[in-house]
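> The lines below spell out each chain.
Protein chains: 2
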Amino acid sequence: MDKVLVFAKKLLKEKIDKNSIVIDATAGNGYDSLFLAKSAAKKVYAFDVQDMAIENTKKLLEDNDLLEKVEVIKDGHQNVDLYVKEDIKAVVFNLGYLPNSDHAVTTLGQTTKEALEKMLRLLEVGGIVVMVIYWGHDEGKIEKNIVEDYSRGLNQKYYQVLSYEFINQINNAPFIIAIEKIKEMY
Amino acid sequence: MDKVLVFAKKLLKEKIDKNSIVIDATAGNGYDSLFLAKSAAKKVYAFDVQDMAIENTKKLLEDNDLLEKVEVIKDGHQNVDLYVKEDIKAVVFNLGYLPNSDHAVTTLGQTTKEALEKMLRLLEVGGIVVMVIYWGHDEGKIEKNIVEDYSRGLNQKYYQVLSYEFINQINNAPFIIAIEKIKEMY
Chain A
1 MDKVLVFAKK
11 LLKEKIDKNS
21 IVIDATAGNG
31 YDSLFLAKSA
41 AKKVYAFDVQ
51 DMAIENTKKL
61 LEDNDLLEKV
71 EVIKDGHQNV
81 DLYVKEDIKA
91 VVFNLGYLPN
101 SDHAVTTLGQ
111 TTKEALEKML
121 RLLEVGGIVV
131 MVIYWGHDEG
141 KIEKNIVEDY
151 SRGLNQKYYQ
161 VLSYEFINQI
171 NNAPFIIAIE
181 KIKEMY
Chain B
1 MDKVLVFAKK
11 LLKEKIDKNS
21 IVIDATAGNG
31 YDSLFLAKSA
41 AKKVYAFDVQ
51 DMAIENTKKL
61 LEDNDLLEKV
71 EVIKDGHQNV
81 DLYVKEDIKA
91 VVFNLGYLPN
101 SDHAVTTLGQ
111 TTKEALEKML
121 RLLEVGGIVV
131 MVIYWGHDEG
141 KIEKNIVEDY
151 SRGLNQKYYQ
161 VLSYEFINQI
171 NNAPFIIAIE
181 KIKEMY
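So the sequence lines, in the order shown, correspond to chains A and B. Per the working numbering: the first sequence ends with 186, consecutive numbering throughout. Per the working numbering: the second sequence ends with 186, consecutive numbering throughout.
Worth flagging that the hints you see were computed from the coordinates, not collected in a lab. Any given hint might turn out to be false.
If chains are identical, the list can't say which one is meant, so a pair holds when it fits in one copy or spans any two.
What the hints assert, rightly or not - In silico EDC-like pairs for lysine to aspartate or glutamate, Cα to Cα no more than 16 Å straight-line: (1) K13 with D2; (2) K43 with E86; (3) K9 with D149; (4) K3 with E180; (5) K181 with D2; (6) K69 with E148; (7) K15 with E180; (8) K181 with E14; (9) K13 with E55.
Go ahead and model the full structure; you've got the sequences and the hints to work with.
Next comes the structure, spelled out in structure tokens:
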């Protein structure tokens, strides 16, 4: 059985082709941006609000000669519509805080939901949003509930919502919610 | 994203090799028995309590020239230990009633749990039990709770328990619980 991060990458990879515009909604230390930049995707957008995340992501991409494929944006993912005008094929969120930072800055349920709504509008039919949900911290528990409720409520005529979770873990292990658009709503 | 039955088969297939003893715990109309017989597995055991299921399974295997690889047993899966003495690599359960039958005979939470406990004891390290849980009927709801509670309670030192579920479906859609043994308990 694939671990959560391995499965998240499989879900993304099977969707991305050479015409794909893709988004790393939580650049963090840049590992997902690098993964997306290494994929077949035509262009990657990467969002983060923290200077350290922007620096680390740019450096990682530069070290791999892939910075030119990625637009690294220092702004909240809920403002995605200000920067991305194209249809998108895949989005990845790693919800929680920046690893190796002070944990004071975390993604927040309300802005995550706002970002998610906008991503789904930009998403092409057949495209996917993959969220890896870390919820060991207090804000994470609130965010988990908001994201789960919102995702469960999506109309099954337009979206397929998959939960991939190891359910016998004692320490609030991260899990995946993945949303695929199967039909345009309007 | 793989549909539930496709994903169940992937989980089984990546575990089964030419030395594998495998079990179809709910033979039904024989489709999983046929799938297992077609895999690399050395031997398949198939259980069912209904005459029609036994007949249909045998016929399907015969039509595919694979009956000799399969021992089809008319008895409840909770009696697995009376028939299977070897270590096993993979087990599949399709919980619910026999499709195209009268729906009066269904798998039952208590015997399913008993069967599951025995299967886990027979399972080798690295082996997997995949359950596809249909719970649209009344008994199915009870069974779902029993199986979920039991699976969640398995010690993460010895077992990994994965839930794979489409969570925005309105009609109690079937989902997967898969249990991999990662270490022997005793």
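> Looking back at the numbered hints, which does the structure fail to meet, lowest number first?
3, 6 and 9
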